[in-house]
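Work the whole structure out from these sequences, hints included.
If you read the protein sequences in the order shown, they are chains A and B.
For the first sequence, position 80 matches number 879 in the numbering used here, and the numbering has no gaps at all.
For the second sequence, position 114 matches number 177 in the numbering used here, and the numbering has no gaps at all.
These are computed hints drawn from the structure, not numbers from a lab.
Remember, predicted model here, so these are calculated numbers, not experimental data.
Some clues are possibly wrong.
Pairs of lysine-lysine, DSS-like flavour, derived with a Cα cap of 30 angstroms [what the hints assert, rightly or not]:
| hint | chain 1 | residue 1 | chain 2 | residue 2 |
| --- | --- | --- | --- | --- |
| 1 | B | LYS92 | A | LYS876 |
| 2 | B | LYS188 | A | LYS988 |
| 3 | A | LYS876 | B | LYS205 |
| 4 | B | LYS285 | A | LYS876 |
Taking beta-carbon pairs under 8 angstroms as the criterion, some of the chain B residues facing chain A (in silico) [said to hold, decoys possible]:
| hint | residue |
| --- | --- |
| 5 | GLY126 |
| 6 | LEU127 |
| 7 | ALA129 |
| 8 | ALA132 |
| 9 | ARG152 |
| 10 | ILE158 |
| 11 | GLU165 |
| 12 | ALA167 |
| 13 | GLN171 |
| 14 | GLN174 |
All residues carry an ideal CB built from backbone N, CA and C; glycine is no exception.
Listed here are the chains, written in short residue letters.
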Amino acid sequence: MFASELLKVRSLPAPRIALLITVGLVVIGAVVVVIVGPAQGTSSAYYEVPAAIASIVVTVGAIVLGAWTFGLEFASKTLRLAATNQPSRARLVLVKVFSALALLSVYVILSLAITLAIEAVMASVGGVNLPFSAQLESMLSGGVEAIIWGLFAFGLALLFRSYTAGIVAALVLALGVDAGLQEIPTVGKYSLGSAISSIGDAIAGDIATLALGVALVAVAAWLALVIGAGAARFITRDLA
Amino acid sequence: MAGAIDNLPPVTANILSFDAVTKSYGSRKAVDGLCFEVAERSVTGLLGANGAGKSTAMKLLLGLAAPNAGQIELFGARQGTAAFAGAVRRTGSHIELPALYERATARQNVQIQASAFGIGRRDPKIEAALEMVGLSSRSDDKVKSFSLGMRQRMSLALALVHEPELVVLDEPINGLDPEGVVGMREMIRSLPARGMTVLLSSHVLDEIERTVDSLVIIRDGKLITEGSIDSIVTGSGMILRVPAGREAAALAALAAAGLEAEHLESGAIAVETGARPGSAIAELLAGAEIYPDELRPQSADLESVFLGLNADDPSGA
Chain A
800 MFASELLKVR SLPAPRIALL ITVGLVVIGA VVVVIVGPAQ GTSSAYYEVP AAIASIVVTV
860 GAIVLGAWTF GLEFASKTLR LAATNQPSRA RLVLVKVFSA LALLSVYVIL SLAITLAIEA
920 VMASVGGVNL PFSAQLESML SGGVEAIIWG LFAFGLALLF RSYTAGIVAA LVLALGVDAG
980 LQEIPTVGKY SLGSAISSIG DAIAGDIATL ALGVALVAVA AWLALVIGAG AARFITRDLA
Chain B
64 MAGAIDNLPP VTANILSFDA VTKSYGSRKA VDGLCFEVAE RSVTGLLGAN GAGKSTAMKL
124 LLGLAAPNAG QIELFGARQG TAAFAGAVRR TGSHIELPAL YERATARQNV QIQASAFGIG
184 RRDPKIEAAL EMVGLSSRSD DKVKSFSLGM RQRMSLALAL VHEPELVVLD EPINGLDPEG
244 VVGMREMIRS LPARGMTVLL SSHVLDEIER TVDSLVIIRD GKLITEGSID SIVTGSGMIL
304 RVPAGREAAA LAALAAAGLE AEHLESGAIA VETGARPGSA IAELLAGAEI YPDELRPQSA
364 DLESVFLGLN ADDPSGA
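What follows is the structure, given as structure tokens:
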């Protein structure tokens, strides 16, 4: 079954397009910086702008690809085929979860590696030193956060039985609703966004809202809730 | 290949059985106490009007839906057991509309499907499946550019590429041109010789009649009749012709033997023989010194049989 999932990634355009758009936007940002030039005393913008663009675009790309891994079957109405190829639905969900994790990891690593290379070129163009280890830590932090958001989008697509709904719901939560949840007294710090940020901060060596262990448990609970609910719905209901 | 076919075991076993299977959606029973069996290496037609429960029955046997009552057994594995999942993997199916990855090529679609069964990307089975459905020349084209008929054939390639033991085809000739229909019929008829069993549904009665060995006719989710195509389309009566002027005597002799007979406009006599063989009718008439010029089974086409069975069904065929 993994071979089949790998072939879907290789044969279908979505993963390649996501990577191309990510890299393209980072390159466009870099070109704009070169053309416009950073303000006085902000020469670090040569490498910081591509990094900032990548941190946002990679998260959005991960959400799209996470939702795509299962949402693809709903969108192309191939779920019945997938479910007869692998009639154990629990096993099918597991295969898809690990496929999503593998796809997201490859996408994030490739995107961030290319971004890091672009940052190095930009630092050279701007005549500034690239703080490589700090940038690497920052990227690692952003990459892990993106992968978690991607897995969350995977769970939402499974839960809502829709590629589009998975993407939209994850984006709405990531870009808006989660900030509101964080404002809730006492429990707000356990929101998904807060927990993901805490993990990212811990990797980057920054001060985090939650201790790493607590943040990991909170993220695991959120993922288990969404993916578990989606899996339960998928396993127990008929496929129309 | 012929040697391999010769070595296959004789056709005896039923590989699929429905035993009092019921499936409800809300208050509506899509399948209602359905019982039927499918013999190994046969082509069995599942026939019924729209909404009769054909697609639901197919989804049930593929594990896509769970029955509310009754028992389905596939390759000896009962629905609801772990072994049933393994049995479903021995099937290939095309249910309702073709489900394909639109942005992948025909070959990539077949490769994706084949890889789920451990078949490599360059395995000759990939090209063989495309060849079988007549899409070799379009194998590098994206499926989104395909017509309905081509998609239908693509879907069949996916159903057959892993050489399943049971092929489940729901309306396989939808969207095919006349040439495609003939090709499809020949292909389906060739599958039992390759060790495959076929369960297919279609609305095209003429095509079903030409393609299947046996039929399961359902209405409102219930079994109406099942049996070999010959036993269903052949009536329980006979047609006989007697020398001119002897018709009245023949009718009288038949009536005296308790048989219902009717003098047709064509001049022939239709007689309801029940289980009596033609020789018994000939003997009976000979007793009255009537020697028929013609005595043959009364046959009907599938359409008239089907319409007759659905006569009290307001939805018709």
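Hint check:
no. : hint                : result
1   : B:LYS92 x A:LYS876  : holds (25 angstroms)
2   : B:LYS188 x A:LYS988 : violated (55 angstroms)
3   : A:LYS876 x B:LYS205 : holds (17 angstroms)
4   : B:LYS285 x A:LYS876 : holds (29 angstroms)
5   : GLY126              : holds (5 angstroms)
6   : LEU127              : holds (4 angstroms)
7   : ALA129              : holds (7 angstroms)
8   : ALA132              : violated (15 angstroms)
9   : ARG152              : holds (6 angstroms)
10  : ILE158              : holds (6 angstroms)
11  : GLU165              : holds (6 angstroms)
12  : ALA167              : holds (4 angstroms)
13  : GLN171              : holds (4 angstroms)
14  : GLN174              : holds (6 angstroms)
Against the hints set out earlier in the document, violations occur for numbers 2 and 8.
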